[in-house]
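*Asks:* This is what each chain is made of:
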Amino acid sequence: SQQGEEDPQALSIQEGENATMNCSYKTSINNLQWYRQNSGRGLVHLILIRSNEREKHSGRLRVTLDTSKKSSSLLITASRAADTASYFCATDAGWAFGDDKIIFGKGTRLHILP
Amino acid sequence: GAVVSQHPSWVICKSGTSVKIECRSLDFQATTMFWYRQFPKQSLMLMATSNEGSKATYEQGVEKDKFLINHASLTLSTLTVTSAHPEDSSFYICSAPNPPRLASAKNIQYFGAGTRLSVL
Numbered sequence: 001s002q003q004g005e006e007d008p009q010a011l012s013i014q015e016g017e018n019a020t021m022n023c024s025y026k027t028s029i030n031n032l033q034w035y036r037q038n039s040g041r042g043l044v045h046l047i048l049i050r051s052n053e054r055e056k057h058s059g060r061l062r063v064t065l066d067t068s069k070k071s072s073s074l075l076i077t078a079s080r081a082a083d084t085a086s087y088f089c090a091t092d093a094g095w096a097f098g099d100d101k102i103i104f105g106k107g108t109r110l111h112i113l114p
Numbered sequence: 001g002a003v004v005s006q007h008p009s010w011v012i013c014k015s016g017t018s019v020k021i022e023c024r025s026l027d028f029q030a031t032t033m034f035w036y037r038q039f040p041k042q043s044l045m046l047m048a049t050s051n052e053g054s055k056a057t058y059e060q061g062v063e064k065d066k067f068l069i070n071h072a073s074l075t076l077s078t079l080t081v082t083s084a085h086p087e088d089s090s091f092y093i094c095s096a097p098n099p100p101r102l103a104s105a106k107n108i109q110y111f112g113a114g115t116r117l118s119v120l
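Chains A and B, in that order, give the protein sequences. Using our numbering, the first residue of the first sequence is number 1, and each one after it goes up by one. Using our numbering, the first residue of the second sequence is number 1, and each one after it goes up by one.
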């Protein structure tokens, strides 16, 4: 079953612009993660934000979390062609799921135009 | 970071044959691994949780006899698609949780590169 829903489903921007993707989820969580998937490959973990955190940074990535709205956003600043990929949010859904199990959202396909 | 190896990366088989996919944790032990299925331009759907030394836990709607999972050691889980049919064609991905299971980051998953299965 899906826990998270990302929007937009697809996003095309010019190189150098900022890209913002949003994720909404349904149940209480302990943490929320963002992953990246290049076409035809496995996923790579980008960043984890805990339920008691509101914002987190990692390089050109900025993640926010609003537990009252059950939503998160991923901002990629100064986008590069190499950022072209699909981005997924994933949540653990707290007690409702097993300790390690995470559930993925539908993803946003990001395309950086040269 | 932790490395998960998945093999093969691509397999083509005839309808009715069985296909085995391996998922190995190369530099850490994984008592739990996860198997996902992904259709083109869609998200990952969790199929089952592979548990070392015990039976796998399957998600609702996933056929246990169709997708056999064996987790015989702390570094290897296998998924066997039995009597494969064209509708089983998909991208299958495995993952293992972050070692050493820090409480603050225990849900982080390390993924294999995936296996593209095409059943003719």
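Wrong hints could be hidden among the right ones.
So the derived list for chain A, only partly shown, Cβ under 7 angstroms to chain B, looks like this [unchecked claim]: (1) Arg41; (2) Gly42; (3) His45; (4) Asp92; (5) Asp100; (6) Phe104; (7) Lys106; (8) Ile112; (9) Leu113; (10) Pro114.
These are computed hints drawn from the structure, not numbers from a lab. C-beta: ideal position from N, C-alpha, C; glycine also.
*Asks:* Please go over all the hints and tell whether each is borne out by the structure.
*Replies:* Cross-check of the supplied hints:
1. Arg41: Holds - the Cβ of arginine 41(A) comes within 7 angstroms of chain B, reaching about 6 angstroms at its closest.
2. Gly42: holds (4 angstroms)
3. His45: holds (5 angstroms)
4. Asp92: holds (5 angstroms)
5. Asp100: Constraint on aspartate 100(A) satisfied, holds at 4 angstroms.
6. Phe104: holds (5 angstroms)
7. Lys106: holds (5 angstroms)
8. Ile112: violated (18 angstroms)
9. Leu113: Where the cut-off is 7 angstroms and the nearest Cβ of chain B is about 19 angstroms from leucine 113(A), the hint is violated.
10. Pro114: Proline 114(A) check fails; min Cβ-Cβ to chain B is 22 angstroms, beyond 7 angstroms.
Violated hints, in rising order: 8, 9 and 10; the structure is consistent with all others.
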